[in-house]
Structures are given as structure tokens and as C-alpha cells.
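Going down the list, the sequences are from chains V and G. Numbering follows our numbering, in which position 19 of the first sequence is assigned residue number 19; successive positions increment by one, without gaps. Numbering follows our numbering, in which position 15 of the second sequence is assigned residue number 15; successive positions increment by one, without gaps.
For the record, the hints were derived by calculation from the structure and aren't laboratory data. The beta-carbon is built from N, C-alpha and C at its ideal position, and this holds for glycine as well. Worth double-checking, as some hints may not be accurate.
Here are the simulated DSBU-like pairs of lysine-lysine, each with C-alpha atoms no more than 35 angstroms apart in a straight line [what the hints assert, rightly or not]:
no.	chain 1	residue 1	chain 2	residue 2
1	G	73	V	57
2	V	57	G	3
3	G	70	G	16
4	V	57	G	70
5	G	115	G	3
6	G	73	G	3
7	G	16	G	115
8	G	73	G	115
9	V	13	V	57
10	G	3	G	70
11	G	16	G	3
12	V	13	G	115
Negatives, chain G to chain V, calculated, CB over 12 angstroms [what the hints assert, rightly or not]:
no.	residue
13	4
14	7
15	43
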Amino acid sequence: KAGVTQTPRYLIKTRGQQVTLSCSPISGHRSVSWYQQTPGQGLQFLFEYFSETQRNKGNFPGRFSGRQFSNSRSEMNVSTLELGDSALYLCASSLAVGQGAETQYFGPGTRLLVL
Amino acid sequence: AQKITQTQPGMFVQEKEAVTLDCTYDTSDQSYGLFWYKQPSSGEMIFLIYQGSYDEQNATEGRYSLNFQKARKSANLVISASQLGDSAMYFCAMRGLYNQGGKLIFGQGTELSVKP
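All chains, please: the whole structure from these sequences, using the hints.
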């Protein structure tokens, strides 16, 4: 079974631009979560989607948004990019949303560099 | 609020020896899950092992075992017979089982280097 895939793997943008990252979960997984990883803040939860609905949201500004499609694929968007948005963005999928011991499986991440 | 603390920024271990990576946690949840992930330099987070707060037995997965001491709020990862491929960042994470959805709280990580 294929793992979680994320595209693109690498991205360079300039301040003020917007960016869209894509995540395809493991087949059969319906929950998708997004995390931001930076050297200073570590791994931080962005949001979680299940059945096309946002179920949980982290403490990030409104410039960060996401959505999930009927095939469980998810996208996240960051508008008006800032230098501090440079990070590794990780997507994780699980069968359901926070059901007991439900394990999240991560993709390889998208490395975003904002210049 | 939940918090994970990993006090070892970096560790070295000789190949074929065992190593323990420390993790302590704080939570007000009665039921929670503890996870360990490995992150090689490529960036992908690889799930290693899970321990539920209600599990009486320590979890084991191949060369990985979790030393769970609930009263001390610690969930240390033990890697037996270290291999060169074990060199990576290791993250401890937790989640409340009933009111947190899928949100994982991560520690700062421990960088493990395995020496030949």
C-alpha cells in the first residue's frame, strides 16, 4: 500500500506570495492532519480534516488555511507569505479522527523557503 | 495543557549497543496515548511505537520498546542492538484520547548518532 504523498517536495517563494501544498493520504485513510516544523518552534499542529470538515485547528493565523476533498486528499494554503513561514510542512493521515490509539502516518514533507 | 519534554538534545551510541531516549510528559487527561517517531535527514516522520495510558504492559515493536512509568509520567524509548541506520532525530509525542482529535503534541526531539 502506498504511503502518504506530498507535492511539491521543495518550494521557493518570495514574501507576499501565496502557496498551495498538496497531500494524498494512505488509501482508505479519511483523516488528514498538517504540521509545521521549524528549528525554533519544533513541530506544531496546524489543522485536521475528516470527511471534508475541519475538526481541529492549531494556533496559527488566518493566513493558513486548508481543505479536504471527497477523495480525502487535502491541500493547505498559506497566503501573504512571511519569512517566518519557511519550514517543513508535514502531512499525516489516519483511518479516522482521533479514535483511541489511531496512529498518524506521515508523508515526506514539503520544504518551503520564503525569500 | 499537554507538554512533552525530551531533555537530551543529542546522544551517541556504539553500534550493536542499546540506548535509551528519555521522554517525560505532562497532561491533565485521564486517557492518553504516547507515540515515538523517527525522522531521518530526509524529513519523513516514521512511526515506531505506541503506548496507551491504560496499557499495563510496556509496548514492544521489534528492536524498539517503550519503558512506560505512569506515576513518573515518563515514556522512554529503548532501542536494542543499535544499527547505523538508527542515526536520526527521535520525537516523543502524545495525544489525549477523547478530546484532542488527531492533534499530536511533540517534544523537541533527540538526535541520535550511532558510531561504527
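(request) Any hints from earlier that this structure breaks? Give me their numbers in increasing order, please. (result) 12, 13 and 15
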